[in-house]
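**Q** The chain contents come next:
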Amino acid sequence: MAEEGIKAVSVLYCGVCTFPPEYCEFGGTLAKCKEWLEDAHPDVYSRIYSEDSLAKTTEGLSLEAKEKVEREIQKLQAKEATKAEKELKKKLASKVIVKRVERSKRKHVIAVSGLEVFGIDPKKLAKTFASKFATGASVTKNVEGKDEIIIQGDVGDEVEDYVTSLLEEKGLDGIKVERTEDKPKKKTQQ
Amino acid sequence: MFKKFTAKEDIHSRTNVKSSVQRGLKTKLVEQFPKLESVIDDIIPKKGQLIVIKCTDRLSLYTMDNEVLFLQRFDDPFIPSLRLIHKYPNCFPSVKVDRGAIKFILSGANIMCPGLTSKGASLPEEDYPVGTVVAIFAEGKETALAVGKLAMSIGEIKKVNKGIGIEVETHLGDGLWSLELD
Ligand SMILES: [Zn+2]
Numbered sequence: 001m002a003e004e005g006i007k008a009v010s011v012l013y014c015g016v017c018t019f020p021p022e023y024c025e026f027g028g029t030l031a032k033c034k035e036w037l038e039d040a041h042p043d044v045y046s047r048i049y050s051e052d053s054l055a056k057t058t059e060g061l062s063l064e065a066k067e068k069v070e071r072e073i074q075k076l077q078a079k080e081a082t083k084a085e086k087e088l089k090k091k092l093a094s095k096v097i098v099k100r101v102e103r104s105k106r107k108h109v110i111a112v113s114g115l116e117v118f119g120i121d122p123k124k125l126a127k128t129f130a131s132k133f134a135t136g137a138s139v140t141k142n143v144e145g146k147d148e149i150i151i152q153g154d155v156g157d158e159v160e161d162y163v164t165s166l167l168e169e170k171g172l173d174g175i176k177v178e179r180t181e182d183k184p185k186k187k188t189q190q
Numbered sequence: 001m002f003k004k005f006t007a008k009e010d011i012h013s014r015t016n017v018k019s020s021v022q023r024g025l026k027t028k029l030v031e032q033f034p035k036l037e038s039v040i041d042d043i044i045p046k047k048g049q050l051i052v053i054k055c056t057d058r059l060s061l062y063t064m065d066n067e068v069l070f071l072q073r074f075d076d077p078f079i080p081s082l083r084l085i086h087k088y089p090n091c092f093p094s095v096k097v098d099r100g101a102i103k104f105i106l107s108g109a110n111i112m113c114p115g116l117t118s119k120g121a122s123l124p125e126e127d128y129p130v131g132t133v134v135a136i137f138a139e140g141k142e143t144a145l146a147v148g149k150l151a152m153s154i155g156e157i158k159k160v161n162k163g164i165g166i167e168v169e170t171h172l173g174d175g176l177w178s179l180e181l182d
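Protein chains in written order, with UniProt numbering: chain A, 1 to 190; chain B, 1 to 182.
Pulled out of the complex, with its shape left as it was, chain B reads as follows (with noise of 0.2 Å):
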């Protein structure tokens, strides 16, 4: 998703958000994870100015103090930044890969089914539904290293075991982790 992506290219303005808007922002995105509710406060403060990055293709980028927190295409959900989820682990829906797909994740690929219903690999018990967000942990990792949405519910992933599972929107070393604000 990220993988041409570069500031020169891709970033075509950069606005202050309303604070009114701020808020309806917020209200969002704990509506959308509501782990985040106690420390929605910590990420966006009160006080602190979010700026929003319109770039190539629709994408926003909510930002604050020079670090991306969220991402969003068009209207649709939002997507932590893989460092957000480095600070915030436990306030997403994740589901865990093993070893031997950490390399094609890292490499672009999108996620197939058998690498997250092997041994290593772990599913939530709740089946989520097609196009959750879900931040992508690893075999014998204890940090994130890509955030997905579900091309299927988790039922149907463990059911079918083929095909593309999830389909990964950015991972370590990509364009957007790379991305320098200032």
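For reference, chain A alone in the conformation it holds in the complex (with noise of 0.2 Å):
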């Protein structure tokens, strides 16, 4: 028998929890995982969701074993779903800090802080200032041992549009992007 070629197979992953779609119920997004899936792909969400497929996945159980198993799983589910949303809420409640800093008297830096929330990786970011703005950028550890970008040049508005625009991909409209100032105390006389 000739051997047959074997294709690799292509499985849709959930644009939301990055599950097999099969595995969302499983994820804690549920909600917005089956908003997802019957938007960008209704026929898998019709094939994973019509009640026909939900009776067969525990068909070889008893009713009480499934049952328990269902409460089981919906119990995970609200946990999992208080779990998000206190993420969440932590997150509104945090803000990013673009600080601008006098270095001389002409030139500045520009230190961002507080992406770590977000799930922002600032190394990533840092690069990718560095070609936006053709500038140095470098991750460094601030007084508080937290990641902090510094950017060379005086480029906080570029920069606050940028994080601003990063935040609003994630769904992350509403979070603060603060831009403060620091300035070398100048010498008074005493």
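Worth double-checking, as some hints may not be accurate.
[Unchecked claim] Ranges of calculated distance between the beta carbons of each label pair, as one might list FRET restraints:
1. A:165 / B:90: 29 to 35 Å
2. B:130 / A:132: 52 to 58 Å
3. A:31 / B:42: 34 to 40 Å
4. A:141 / B:38: 48 to 54 Å
5. A:124 / B:38: 35 to 41 Å
6. A:141 / B:24: 38 to 44 Å
7. A:8 / B:31: 19 to 25 Å
8. B:21 / A:142: 37 to 43 Å
9. A:169 / B:9: 21 to 27 Å
10. A:140 / B:161: 54 to 60 Å
Since the hints were derived computationally from the structure, they do not count as laboratory data.
Remember, it's a predicted structure, so these values are computed and weren't measured experimentally.
Heads up, the beta-carbon is just placed ideally off N, CA and C, and yes, glycines get one too.
Take the two lone chains, each set in its own frame, and fit them into one complex as the hints suggest.
**A** Structure representation (structure tokens):
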């Protein structure tokens, strides 16, 4: 018998939780997942969430066992949903700080901190800034031991715009991007 | 296994794999997973550049085009990534757990024997030995949700039917699944 050529299977992944859609029910964002799937892949949606296939998933179990499994899954879903809500609240209560720091009379750097809460990788973003503004950008730890991106040049406005759009992309509009200024203290005569 | 894994903390170095080493690696992979023979050149094309990423705890990730293909601890057997199993679901030894076990696996637990022997589960006919790397499927689902290593032989799992049957290496949603490389 001739060897059949094996082709790679292309598996669909959920645009919300990243799981194959049949596992969305375990991911804690089921409501959003379903919304996404119904819109993006209605055929897959009806296959997974039709009465028929829902009944089939637990065919082998007794009625009691079935109910127990479903109860536990519902509990888990509720727990995950609370967790997700908590995380979102934490994000909404946080802010990104874009600080303008005067290094000498006419030289400024911009320091961006507070990114980690939002799942933004500072190293990646520093690279993006470096190429976007054709300038130097690096990641250092600030006094609180948190990551801070230092960008050479007076590009606070551009940085603010970019961070804001990045947050919006992540569905986090309404996050505050705060601008501050750090001037070296002038020597004053006393 | 990958509960706390993050690129920032756990990735130490990235190295291009030399083509001679790459060839040897492919031979070893086919030895471990004979069904990969006809597709190994699709997975790791001759002209493709394999990159090995060294991580904490002597873990190596073999990646191509920023996607993890296999992982390996020290020089233990290779473990295919879940996404690779999704692409080639029939090329690896596999087991099926019952629906009740899914949530435990996805929260990072190992698999207990009863989850492998109940009515909704199924085990292969072949008696794979302890340490065999297996893809883990689930009752009522088409795609694999985890990869693990047998903690008992298939025969023992059926006979003993208690305790940990499979140690889970990586599962949907863990640190490796969510790892973004670039
Ligand atoms: Zn989902």
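**Q** A separate judgement is required for each hint: does it hold in the structure or not?
**A** Hint check results:
1. Under the hint 29 to 35 Å, the C-beta atoms of residue 165 of chain A and residue 90 of chain B, about 43 Å apart, miss the expected range.
2. Evaluation of the 52 to 58 Å hint for residue 130 of chain B and residue 132 of chain A yields a pass: the beta carbon distance comes to about 53 Å.
3. Remark: the range hint 34 to 40 Å for residue 31 of chain A to residue 42 of chain B is upheld by a beta-carbon distance near 38 Å.
4. Separation of residue 141 of chain A from residue 38 of chain B is about 50 Å and conforms to the stated range, judged on CB atoms against 48 to 54 Å.
5. Here the CB-CB span from residue 124 of chain A to residue 38 of chain B is close to 38 Å, well matched to the stated 35 to 41 Å.
6. With their beta carbons about 41 Å apart, residue 141 of chain A and residue 24 of chain B fall inside the hinted range of 38 to 44 Å.
7. At about 21 Å, the CB distance of residue 8 of chain A to residue 31 of chain B agrees with the hint of 19 to 25 Å.
8. Between residue 21 of chain B and residue 142 of chain A, the C-beta spacing of about 42 Å keeps the proposed range 37 to 43 Å intact.
9. In this structure the hint that residue 169 of chain A and residue 9 of chain B lie 21 to 27 Å apart at CB holds, the actual value being about 25 Å.
10. Between residue 140 of chain A and residue 161 of chain B, the C-beta spacing of about 56 Å keeps the proposed range 54 to 60 Å intact.
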